[in-house]
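*Asks:* Sequence:
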Amino acid sequence: MPPAVIGRYRIVRTLGVGGMGEVYQGWDEELQRPVAIKGLLSGTPSPEQQARLRREARAVAALSHPNVAHVYEIVQDGGREWIVMEFIDGQPLSKIVKGGPLAPSEVARIGAAVADALEAAHQHGLIHRDVKTENVMITPDGHVKVLDFGLAKWT
Numbered sequence: 001m002p003p004a005v006i007g008r009y010r011i012v013r014t015l016g017v018g019g020m021g022e023v024y025q026g027w028d029e030e031l032q033r034p035v036a037i038k039g040l041l042s043g044t045p046s047p048e049q050q051a052r053l054r055r056e057a058r059a060v061a062a063l064s065h066p067n068v069a070h071v072y073e074i075v076q077d078g079g080r081e082w083i084v085m086e087f088i089d090g091q092p093l094s095k096i097v098k099g100g101p102l103a104p105s106e107v108a109r110i111g112a113a114v115a116d117a118l119e120a121a122h123q124h125g126l127i128h129r130d131v132k133t134e135n136v137m138i139t140p141d142g143h144v145k146v147l148d149f150g151l152a153k154w155t
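Counting with the numbering used here, you get residues 1 to 155 for the letters of the sequence shown.
These aren't lab readings, by the way, just hints derived from the structure by calculation. One should not assume that every hint holds.
Claimed, not checked - 25 Å max Cα-Cα, derived DSS-like pairs, lysine-lysine:
{"no.": "1", "residue 1": "K98", "residue 2": "K132"}
{"no.": "2", "residue 1": "K153", "residue 2": "K132"}
{"no.": "3", "residue 1": "K132", "residue 2": "K95"}
To be verified - Between beta-carbon pairs, the in silico distance windows are:
{"no.": "4", "residue 1": "G18", "residue 2": "R109", "range": "41 to 49 Å"}
{"no.": "5", "residue 1": "D89", "residue 2": "V17", "range": "29 to 37 Å"}
{"no.": "6", "residue 1": "P104", "residue 2": "L31", "range": "27 to 35 Å"}
{"no.": "7", "residue 1": "P104", "residue 2": "P47", "range": "24 to 32 Å"}
{"no.": "8", "residue 1": "L102", "residue 2": "R54", "range": "12 to 20 Å"}
{"no.": "9", "residue 1": "S46", "residue 2": "P101", "range": "41 to 49 Å"}
{"no.": "10", "residue 1": "A103", "residue 2": "H70", "range": "28 to 36 Å"}
{"no.": "11", "residue 1": "L41", "residue 2": "A115", "range": "38 to 46 Å"}
{"no.": "12", "residue 1": "H70", "residue 2": "V12", "range": "35 to 43 Å"}
{"no.": "13", "residue 1": "R58", "residue 2": "G18", "range": "32 to 40 Å"}
{"no.": "14", "residue 1": "L102", "residue 2": "L31", "range": "18 to 26 Å"}
{"no.": "15", "residue 1": "M20", "residue 2": "S64", "range": "38 to 46 Å"}
Note that the structure is predicted; figures quoted are calculated from it, not measured. Don't be surprised by glycine CBs; every beta carbon is placed ideally from N, CA and C.
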């Protein structure tokens, strides 16, 4: 069961739960906009896990690229830390490709957008290390966003 509120953000729904973390859609009461809120799984995270979450937030916050989800802040609430970031309304590429093959031009367009995002990360000394269709979101208007820099490494 998700918390009702994290910091100033009202929790709307659970977006996903993975091996190490959970992501919620939230509503920013101050700025009146949707956000995504990512945190470690409930319980007592290790200092290493907490450091990794902070590293992810700082790494993505250092980037300013239209194909990378923007990080807004790190929030401490209930003894836990949370990354508050841009909410991407869309579908993961993994779900889209299950519907059948994409046109070659669409594959090239999406691939170029992902490559642009990764190039920007590399220019900042950041290697994503977990590029997969689950970590690429496509918005209803076709915009491509690369997510989840949780395994990223600084060079």
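*Asks:* Evaluate each hint against the coordinates.
*Replies:* Here is how each hint holds up against the structure:
1. Under the criterion of a C-alpha separation no larger than 25 Å, the hint pairing K98 with K132 is consistent with the structure, at around 14 Å.
2. Proposed proximity of K153 and K132 is supported: the alpha carbons are some 16 Å apart, at most 25 Å.
3. The straight-line distance between the Cα atoms of K132 and K95 is roughly 12 Å, inside the 25 Å bound, and the hint therefore holds.
4. With their beta carbons about 28 Å apart, G18 and R109 fall outside the hinted range of 41 to 49 Å.
5. For D89 paired with V17, a C-beta distance near 19 Å fails the hint of 29 to 37 Å.
6. About 40 Å separates the C-beta atoms of P104 and L31, a value inconsistent with the hinted range of 27 to 35 Å.
7. The hinted window of 24 to 32 Å between P104 and P47 is violated, with their beta carbons roughly 47 Å apart.
8. At roughly 36 Å, the beta-carbon separation of L102 and R54 lies outside the given 12 to 20 Å, and the hint is violated.
9. For the pair S46 and P101, the supplied restraint of 41 to 49 Å holds, since their beta-carbon distance comes to about 42 Å.
10. For A103 and H70, the hinted distance range of 28 to 36 Å is satisfied, since their beta carbons lie about 29 Å from each other.
11. Between L41 and A115 the C-beta distance comes to about 32 Å, which lies outside the given range of 38 to 46 Å.
12. At about 19 Å, the beta-carbon gap between H70 and V12 misses the expected band of 35 to 43 Å.
13. Against the hinted window of 32 to 40 Å, the Cβ-Cβ separation of R58 and G18 comes to about 20 Å, which falls outside the hint.
14. L102 and L31 have their C-beta atoms about 35 Å apart, which leaves the hinted 18 to 26 Å range violated.
15. Taken as a hint, the range 38 to 46 Å is violated for the pair M20 and S64, whose Cβ atoms sit roughly 26 Å apart.
Figure legend: structure checked against the earlier numbered hints; hints not met, in rising order: 4, 5, 6, 7, 8, 11, 12, 13, 14, 15.
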